[in-house]
Amino acid sequence: MENFNHVFVILWMLFGLYSLVLIAIMADLWSGVRKAKSLGKARTSYGFKRTIDKIARYYNTLIALSVVDTMQMGGVWYLDGFYDYSIPVLPIITLVGAIGLGLIEIKSIYEKAEDKVQMESIGKMAGRIIANKEDLVEVAKAIADFMQENHKSKNNDTVRGEG
Numbered sequence: 002m003e004n005f006n007h008v009f010v011i012l013w014m015l016f017g018l019y020s021l022v023l024i025a026i027m028a029d030l031w032s033g034v035r036k037a038k039s040l041g042k043a044r045t046s047y048g049f050k051r052t053i054d055k056i057a058r059y060y061n062t063l064i065a066l067s068v069v070d071t072m073q074m075g076g077v078w079y080l081d082g083f084y085d086y087s088i089p090v091l092p093i094i095t096l097v098g099a100i101g102l103g104l105i106e107i108k109s110i111y112e113k114a115e116d117k118v119q120m121e122s123i124g125k126m127a128g129r130i131i132a133n134k135e136d137l138v139e140v141a142k143a144i145a146d147f148m149q150e151n152h153k154s155k156n157n158d159t160v161r162g163e164g
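Residue numbers (the numbering used here): 2 to 164.
To be clear, the hints were calculated from the coordinates, so they are not data collected in a lab.
Even glycine gets a Cβ: it sits at the ideal position worked out from N, Cα and C.
Treat each hint with caution, since some may be false.
Claimed, not checked - Computed Cβ-Cβ distance ranges for the label pairs, DEER-style: (1) L40 x V69: 36 to 44 Å; (2) I131 x R51: 19 to 27 Å; (3) L40 x M148: 16 to 24 Å; (4) I100 x G75: 21 to 29 Å; (5) Y60 x Q149: 41 to 49 Å; (6) A28 x T62: 13 to 21 Å; (7) D81 x A28: 35 to 43 Å; (8) R44 x M14: 31 to 39 Å; (9) I93 x R58: 17 to 25 Å; (10) T71 x V34: 32 to 40 Å.
Construct the entire structure; sequences and hints are all you get.
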């Protein structure tokens, strides 16, 4: 019966870790929606689809880590039962992975919305340059448009007192 209690506690720990990762993802989603709203950007299904994809990727990772933890805990259980080694049976690998995923979400929450917009505009400019790499006039126009857009956004920040 004691072994069943250990398994029950471990399952609750895993449930807690999985739940906390989901809460971190939802906090990032909420933060992203607020950032988009403050920039006047439309909240589209594409952004929400990205969150669903993120949940799937994160949970695939957590499940794989939990499988490795199951192997690790089986080995620890064997050593404890047959060789009297007293090592705690904990899902330590899943715990470390969940902490890492949580830290990624915290970083995402604290990123400035303006920095994300800046990276998007740099990506658009790079795409235009690559698409028109043979036409130097178009390349120059893409760079000029980027610089003009960047200058406009800096002027708006200064007017609002953010510069």
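For each hint, the structure was consulted:
no.: 1; hint: L40 x V69: 36 to 44 Å; verdict: holds (41 Å)
no.: 2; hint: I131 x R51: 19 to 27 Å; verdict: holds (23 Å)
no.: 3; hint: L40 x M148: 16 to 24 Å; verdict: holds (20 Å)
no.: 4; hint: I100 x G75: 21 to 29 Å; verdict: holds (23 Å)
no.: 5; hint: Y60 x Q149: 41 to 49 Å; verdict: holds (43 Å)
no.: 6; hint: A28 x T62: 13 to 21 Å; verdict: holds (18 Å)
no.: 7; hint: D81 x A28: 35 to 43 Å; verdict: holds (38 Å)
no.: 8; hint: R44 x M14: 31 to 39 Å; verdict: holds (35 Å)
no.: 9; hint: I93 x R58: 17 to 25 Å; verdict: holds (22 Å)
no.: 10; hint: T71 x V34: 32 to 40 Å; verdict: holds (36 Å)
Violated hints: none; the structure is consistent with every hint.
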